[in-house]
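Residue numbers (my numbering), protein chains in the order written: chain A, 1 to 220; chain B, 221 to 406.
Hints are computed from structural coordinates only; laboratory data are not their basis. One or more hints might be untrue.
Interface residues of chain A toward chain B, partial, derived using beta-carbon atoms under 10 Å [claimed, not checked]:
| no. | residue |
| --- | --- |
| 1 | Met37 |
| 2 | Arg47 |
| 3 | Lys52 |
Cβ atoms here follow ideal geometry from the backbone N, Cα and C, with glycine treated the same way.
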Amino acid sequence: MALHLNLLHEQILEQRQRQRDPLKIGMLVLIGCGTVMFLYYSWNAYRTLEIKSRLNAIERNWAKIDPKVTTAQKRVSELQGIVKTTRTLDDYIDGRFFWAPFLQKVARCVAPNAQLTSFEGSVFEEKKGVSVTLEGIAAGREPRAAAEDLRQLLLEQLGQSYSEVKVEFKSLEDLDTMATLGGTHMPTARYTLAINFNPAPAPKPTPATTPTRQKKRSDT
Amino acid sequence: MKLTKDQLKKLGLSTVGFVFLLYVYFTFFLGPLNRSRDVALAKINDRQRKLDNSKEEMAKAAKLEQNAKAATTRFGALRAVNAEGAPIAWFPPRMKAFFANEQIDKAVARLEGNTALKPEELSGWLRYNWIIDLPQADYGTLGRAIADLENSEPLLCVTRMSIHASPDAPQFQHVELAAANLIEKK
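Chain B on its own, in the form it takes in the complex (with noise of 0.2 Å):
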């Protein structure tokens, strides 16, 4: 069959009409709502995603509360250990007190200084340096403060202590002690 030219034009003209139905089809029609179904599944599998992990996360605070509940209670018996405000306003009247009611009177606590911890995890804490200045104690009375000292104050720790004979009253020993103890910082 021979086609007219009239004829080859019209067929020119329906192929033409034929390729813009499917450019217009497919980037004004199916492409954008390919785009936004794909666009939607992403969101779905990534809030599913979510969801899941979500859960294990509920869970395991679940979990970790039950099994932190020692370090919970003992971290709040240690915190509670220091009183509030400042601790130079509170720490010297302590130590006074603690050391008259072991029988050694004027014991005065000075601060020396407060440093920064090294470990991370105690970067809410600071380590305060203090001396106790206890001009009149004797040996036995000084071990059984000090071992007392060591069991009722977990976060004091001696570091340095210095015992000399006092010339003027034999009975008696001048103690000083250098001391750290941890504090929270608020």
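Isolated chain A (complex conformation) (with noise of 0.2 Å):
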């Protein structure tokens, strides 16, 4: 058997312990750690370049648009505040009381042996009504039956066109002075009408079969 000598172990020793030294190799792992973080920064550091070109390229399109998007957003208010303002204009002007047809239907009521004298007339807004007050006098062999025919009429007529109609004698009182109709002397009588009503229509009244087919439908 052949005998081996290692003359060189103190060289080959000191070798391997340069080799296995902690500090370089932890100097290595440094580095390559190092190098893989560095790359995977660039990585992102690049992502967030063309993040930032998108966020410009964004940010140019909003500069151009946002004038146009403020004078829209103004004229949508504006609009919608001229469409709010003429609605309500227009329930104002359709809820107003006309009193040239009721003037009229007055003038229609009123017979020859019925002189009116005088007229108030008050719009209430809130309650949604109209009170009139007429006084006038009335004349013929029956004073007091010409102003109960007066005020039957005007009942009659307002009725027609008005709803919650209440015409009502505040006073009727015999004159003694005579008026001359047709060339007759004729007892007068002075009167006071009190007339309320609410402008809006009578409802009309529904068709007697429409709730007896709801019952039936309920019933089922």
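Put the two chains together into one complex; each comes in its own frame, and the hints tell you how they fit.
This is the structure we're talking about:
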């Protein structure tokens, strides 16, 4: 068996120790990690730059559109205001009480023997009602009956166009003075009529068949 | 394998160096980069949402412009009913001319006052209350005149009417009208 002598064992040991130097290994690991991290950072930086360039493009777009949008928004709110105001004004216009048709109805009801001397009318906007006071002098063989005829006629005529119509005598008193009607002297009476009504027309009665049908449906 | 004291020292030093490297990397490099990217992404989302909304907003405005044509025209017409300037300067002469045209002379309109209107939509409008005195009118002419007034002045509403027989001139009646007129604030 041949004898093998290692005369360089000290040098070999030193070389092995140098190779296993933890600081050197650590430095190598650090450099490796650093490289990986740098690469990762570079990749992230590239993505960030790309995102920022996208953001710049969008910002430019927005800067172009922004004034138009602001103008459009202002116009929208302005138009909405106009629409609402017009609607409210139309409601106001439609909700007015028209006196001319009422005066026409009163004129048609007043017979020559029931002269009017005073007319006072008011519209109550909150209660949605109209109140009128008529004063006049009725003449005839039965002056009270002439005044009552006027009241009945007013009730009938006004009831055709308005709802909740009330025509009541506030006063009715005989007068001593006589009036000449068609060459005949007639006794007279002074009347005061209070008229109250709602200017909205009376609701039309619903057909009687509808509730029955509904009832039948609910029964089944 | 057994580590010598010197080797342990070096290993510790390497570990410290590694931890320091990680700290510097995440705190001063990757962290701020990620934050700035997140901020940019958030801004992009925000702007994109605004852009999408703006398209909708502009389409809505265009559609509303078409739909509100009738309302805009009507609003313009209603505004044009009232003249420019202080109402006290133009309303009484207008009423005088109107009733003179209806064969009712000596019409006088007086301002009673003005009030703000309750509906929020009419915050830009005021209600002017007037007293219109017609000392010489006859019932038939008055009826026609009031019909014309109610039709030609849509923003005017007669709230009270008083008609009395004139003792001096039996052919005439003394009429007093209380009217409210809506006028835009200027």
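| said: To test your reading of the hints: which numbers does this structure violate? | reply: none
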